[in-house]
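Protein chains in written order, with my numbering: chain A, 1 to 429; chain B, 1 to 429.
For the record, the hints were derived by calculation from the structure and aren't laboratory data.
Some hints could be false.
[As the list claims (entries may be wrong)] With a Cα cut of at most 30 Å, we get these calculated BS3-like pairs of lysine-lysine: (1) A:K394 / B:K203; (2) B:K155 / A:K350; (3) B:K394 / A:K409; (4) A:K394 / B:K32; (5) A:K423 / B:K409; (6) B:K331 / A:K423; (7) B:K203 / B:K155; (8) B:K32 / A:K409; (9) A:K423 / B:K32; (10) A:K394 / B:K409; (11) B:K409 / A:K409; (12) B:K32 / A:K349.
[Said to hold, decoys possible] Take a look, some chain A residues computed to stay more than 10 Å from chain B by CB distance: (13) E31; (14) S48; (15) G170; (16) S298; (17) G375; (18) K394; (19) L405; (20) E429.
[Stated by the list, open to error] Not close to chain B: a few residues of chain A, all C-beta gaps over 10 Å, as computed: (21) G30; (22) P194; (23) I280; (24) N329; (25) E335.
Predicted, not measured: the structure shown is a model, and the values here were computed from it.
Built from N, CA and C at the ideal position, the CB exists for glycine as well.
2 protein chains.
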Amino acid sequence: MNEVWKPKTTHKAVIVILDGVGDRPLEELGEKTPLQVAKKPTLDMLASRGITGIMDLIEPGIRPGTDTGHLALFGYDPYMYYPGRGPIEAAGIGLDLQPGDLALRANFATVEEKNGALLVLDRRAGRIHGEEAEELTAFLGKNIKKIEDVEVFFKHATAHRLVVVLRGNGLSAAVSDSDPGTAMEGKPIRQVEPLSGDPDAAKTAKILNQLLWEAYELLKDHPLNRERSMKGLLPANAIITRGAGMVPRNIVPFTRLFSSTAYVVCEEATVLGIARIIGIDGEIPEGSTADLDTDINSIFQAALNAYEKGYEIVFIHIKGTDIAGHDANPKGKIEIIEKVDKALGEFLKKIDRNNTIITVTADHSTPCNVRDHSGDPVPVLISGPGVRRDSVEKFDEISCAQGGLGRIKGTNLIRIILDLMNKPLMHGE
Amino acid sequence: MNEVWKPKTTHKAVIVILDGVGDRPLEELGEKTPLQVAKKPTLDMLASRGITGIMDLIEPGIRPGTDTGHLALFGYDPYMYYPGRGPIEAAGIGLDLQPGDLALRANFATVEEKNGALLVLDRRAGRIHGEEAEELTAFLGKNIKKIEDVEVFFKHATAHRLVVVLRGNGLSAAVSDSDPGTAMEGKPIRQVEPLSGDPDAAKTAKILNQLLWEAYELLKDHPLNRERSMKGLLPANAIITRGAGMVPRNIVPFTRLFSSTAYVVCEEATVLGIARIIGIDGEIPEGSTADLDTDINSIFQAALNAYEKGYEIVFIHIKGTDIAGHDANPKGKIEIIEKVDKALGEFLKKIDRNNTIITVTADHSTPCNVRDHSGDPVPVLISGPGVRRDSVEKFDEISCAQGGLGRIKGTNLIRIILDLMNKPLMHGE
Numbered sequence: 001m002n003e004v005w006k007p008k009t010t011h012k013a014v015i016v017i018l019d020g021v022g023d024r025p026l027e028e029l030g031e032k033t034p035l036q037v038a039k040k041p042t043l044d045m046l047a048s049r050g051i052t053g054i055m056d057l058i059e060p061g062i063r064p065g066t067d068t069g070h071l072a073l074f075g076y077d078p079y080m081y082y083p084g085r086g087p088i089e090a091a092g093i094g095l096d097l098q099p100g101d102l103a104l105r106a107n108f109a110t111v112e113e114k115n116g117a118l119l120v121l122d123r124r125a126g127r128i129h130g131e132e133a134e135e136l137t138a139f140l141g142k143n144i145k146k147i148e149d150v151e152v153f154f155k156h157a158t159a160h161r162l163v164v165v166l167r168g169n170g171l172s173a174a175v176s177d178s179d180p181g182t183a184m185e186g187k188p189i190r191q192v193e194p195l196s197g198d199p200d201a202a203k204t205a206k207i208l209n210q211l212l213w214e215a216y217e218l219l220k221d222h223p224l225n226r227e228r229s230m231k232g233l234l235p236a237n238a239i240i241t242r243g244a245g246m247v248p249r250n251i252v253p254f255t256r257l258f259s260s261t262a263y264v265v266c267e268e269a270t271v272l273g274i275a276r277i278i279g280i281d282g283e284i285p286e287g288s289t290a291d292l293d294t295d296i297n298s299i300f301q302a303a304l305n306a307y308e309k310g311y312e313i314v315f316i317h318i319k320g321t322d323i324a325g326h327d328a329n330p331k332g333k334i335e336i337i338e339k340v341d342k343a344l345g346e347f348l349k350k351i352d353r354n355n356t357i358i359t360v361t362a363d364h365s366t367p368c369n370v371r372d373h374s375g376d377p378v379p380v381l382i383s384g385p386g387v388r389r390d391s392v393e394k395f396d397e398i399s400c401a402q403g404g405l406g407r408i409k410g411t412n413l414i415r416i417i418l419d420l421m422n423k424p425l426m427h428g429e
Numbered sequence: 001m002n003e004v005w006k007p008k009t010t011h012k013a014v015i016v017i018l019d020g021v022g023d024r025p026l027e028e029l030g031e032k033t034p035l036q037v038a039k040k041p042t043l044d045m046l047a048s049r050g051i052t053g054i055m056d057l058i059e060p061g062i063r064p065g066t067d068t069g070h071l072a073l074f075g076y077d078p079y080m081y082y083p084g085r086g087p088i089e090a091a092g093i094g095l096d097l098q099p100g101d102l103a104l105r106a107n108f109a110t111v112e113e114k115n116g117a118l119l120v121l122d123r124r125a126g127r128i129h130g131e132e133a134e135e136l137t138a139f140l141g142k143n144i145k146k147i148e149d150v151e152v153f154f155k156h157a158t159a160h161r162l163v164v165v166l167r168g169n170g171l172s173a174a175v176s177d178s179d180p181g182t183a184m185e186g187k188p189i190r191q192v193e194p195l196s197g198d199p200d201a202a203k204t205a206k207i208l209n210q211l212l213w214e215a216y217e218l219l220k221d222h223p224l225n226r227e228r229s230m231k232g233l234l235p236a237n238a239i240i241t242r243g244a245g246m247v248p249r250n251i252v253p254f255t256r257l258f259s260s261t262a263y264v265v266c267e268e269a270t271v272l273g274i275a276r277i278i279g280i281d282g283e284i285p286e287g288s289t290a291d292l293d294t295d296i297n298s299i300f301q302a303a304l305n306a307y308e309k310g311y312e313i314v315f316i317h318i319k320g321t322d323i324a325g326h327d328a329n330p331k332g333k334i335e336i337i338e339k340v341d342k343a344l345g346e347f348l349k350k351i352d353r354n355n356t357i358i359t360v361t362a363d364h365s366t367p368c369n370v371r372d373h374s375g376d377p378v379p380v381l382i383s384g385p386g387v388r389r390d391s392v393e394k395f396d397e398i399s400c401a402q403g404g405l406g407r408i409k410g411t412n413l414i415r416i417i418l419d420l421m422n423k424p425l426m427h428g429e
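The following block holds chain A by itself, in its conformation from the complex (with noise of 0.2 Å):
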């Protein structure tokens, strides 16, 4: 026995986020990727004293959505538990989802009633948005509260966009979008058709095509439509959806899962969804722009004040890697790596290293040749207490691969770092 007694230690963690930093080799960078080009002395640092290895969100070669590769990586299966993008559009715009609602992205339209169908003329609206959209909204939340025994929620969304979400028994997702889509202007709005021989299918469709001429009957006689066609606008006296999901029923809540606190600093609306989903608070910080020109050190902040609130782990999710690679744009991609390197070992000396696991990583990779999200496997270090060192002393996608983590799942990470955090998961004695 060791004279001095050890209590078990808790420690807490910080879990970075690149959003689609994982690339490919790029010609113009002399058959390099960004990560191994840029100047990066903090995360080579944190690689050099830690553990690494190499990602696969989903599977190996399968492309993770940001929504999907974030579920992986907050310790959900995305085959189990994806909503599909209606819930997480909901819960990112801070609508308030139970497990069984149903909820479906919506847009105003403007449409011209044909021989009994609604012809969709315009799929925004001509673009209404701001404070006329929230009217229409709340209009339609005062006037549609209720169609048999299902109860309706809407919510504006950005621009013309809005969420519907249907709350009550025998509902579905299995239901067609009636939003006929970018190339199908001047057709009619699509009858919402089940997808499946569910019973609740058919009464999900029933409910939807209902609340379409609902929304139109309302919509179309609105005093704020009929100024728009006198300023020649285009009314907005339509809805049309897309994207039906249903808040997963068998989802246990983070908090409760993994016995830890947890909070989400984003920099969009699609991360801070999936998080609520899961139940984890979060926010997306002031100055913000969700690309290469985002204010980093204000994400870091966030961080900094959600660590000392007491949260006991961080995620912190950083967009520009993955804007960059869609922009084909690795000199972007490059600067902004470096830019989070920079904050990040300003963050380092403000908390307690210690007693802190710190884990940085991506949700998939955007490959600046791709321009896409690619099914390559991410990069991903931990650092911290207790952690085992390998040879690896740098943090890229081609030295990760010789790491000592090996080649792990999305799922798998957030169960190492809270064994690492000793915030274990056991299973027998």
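Since chain A is already given, all that's left is putting chain B on it; use the hints.
Using the frame of chain A, we list chain B on its own:
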């Protein structure tokens, strides 16, 4: 084509399990692990002449018990086949269990009847043990053979502990403990409650509650207890139960599943219990203390006997490494690793090396700075005829992470070994 036709020879296997040997970098060892510091020429020779890797017994980051860790090493998915503590304890002390048996751990306890309830005065009946505990267990077995249509068996374990087995139809492990737990002395024996809506759970709870009362009625007037009371000792006038578990009905015995005979030389009843539940026999050799002072040579001698008897796979379990981890004793861990290394070196001289696949690994990590099991992967080496060789030359957590096996799962290991024994499981033609 070779002119000489070579038959497909099969090999034997010896699998050494260093319980909890995996560790984390330790300050007192200059940020190295005990395996990195220990002098272990035999283990390093095997690593350099074989293939190495790291292994998650359950899943990355999930902390295994000794029981679930061994279940995985024996090739059975711990999430699917973990029977709970009752059956492991029962099988470990030699009760011949059948699939579907419900087994519980039990204590002799001292209770006082008050207003129709039994208040627990002492959860261990003054630590009754030895012949007295044996006699009372036999007395219960003689007088309670059946409750309703369910057969009941009792067997004394160690000290004040026994196991209770129920055999019959309509049983369920979804029942609560009657043992009120350490902090609850002075409170009544807990009513056993069904933990699911399944009628089997209700039936099992009812039978157990009846069993507890029958045991009390029998024990309270037993002459041995009167004698204890007269001597001022606490009477063992009740039993309290915990850890209900059912022997899985779907376990295919090891010998049948893998078409191979196996034997387990181990240092504790938990490992023996797990082995017996999957149909492998074994022993705890004379001289084993399950601690640092164990007689390593007698353990390897028992393994040699099994090997020479013709068992195709011999598992050797060493406990001291885990004890040292729990005790935060890196020096002790190093010592026992070195002792095993020496004994293994001698053992290898006595077996047919050209015909034996040697494996060394662990059932989980028990880092000295965690003082508990951790989810860190364990190192693994496989060496022997036909085994691919990687460039790793040392057997430790960091070196093996560079090995040619990569990062494997606990249940993979026995299948890899069987393949190298040329006794493979095949899928397809």
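**OP:** Would you check the hint for B:K409 and A:K409, treating anything up to 30 Å between C-alpha atoms as holding?
**Re:** Holds, at about 13 Å.
**OP:** Decide, holds or violated, for the assertion that all CB atoms of chain B are farther than 10 Å from the CB of A:E31.
**Re:** A:E31 clear of chain B: closest Cβ-Cβ about 25 Å, beyond 10 Å.
Original post:
Does the claim that A:S48 lies off the interface hold, with its Cβ farther than 10 Å from every Cβ of chain B?
Top reply: holds (13 Å)
Subject >> Agreement of B:K155 and A:K350 with the hint, judged by alpha carbon distance not exceeding 30 Å >> reply: violated (59 Å)
**OP:** Take a quick look at A:L405 and tell me if its Cβ sits farther than 10 Å from every Cβ on chain B, holds or violated.
**Re:** violated (8 Å)
**OP:** For the pair we were handed, A:K394 and B:K32, check the Cα-Cα distance against 30 Å.
**Re:** holds (21 Å)
Original post:
Given the hinted pair B:K32 and A:K409, is their alpha-carbon gap at most 30 Å?
Top reply: Roughly 27 Å between the alpha carbons, so the hint for B:K32 and A:K409 holds.
Original post:
Are all C-beta atoms of chain B more than 10 Å from that of A:P194?
Top reply: Holds, since 32 Å exceeds 10 Å.
Original post:
Holds or violated: A:K394 with B:K409, Cα cutoff 30 Å?
Top reply: holds (27 Å)
**OP:** Would you mind confirming whether the straight-line C-alpha gap from A:K423 to B:K32 stays at or under 30 Å?
**Re:** holds (23 Å)
Original post:
Is it correct that the beta-carbon of A:G375 has no partner in chain B closer than or equal to 10 Å?
Top reply: Non-interface label on A:G375 holds, nearest chain B Cβ at 19 Å vs cutoff 10 Å.
Subject >> Claimed clearance of chain B by A:I280, with the beta carbon kept past 10 Å >> reply: The claim stands: A:I280 keeps its Cβ more than 10 Å from every Cβ of chain B (closest is about 18 Å).
Checked against the numbered hints given earlier, the structure breaks hints 1, 2, 19 and 20 and satisfies all the rest.
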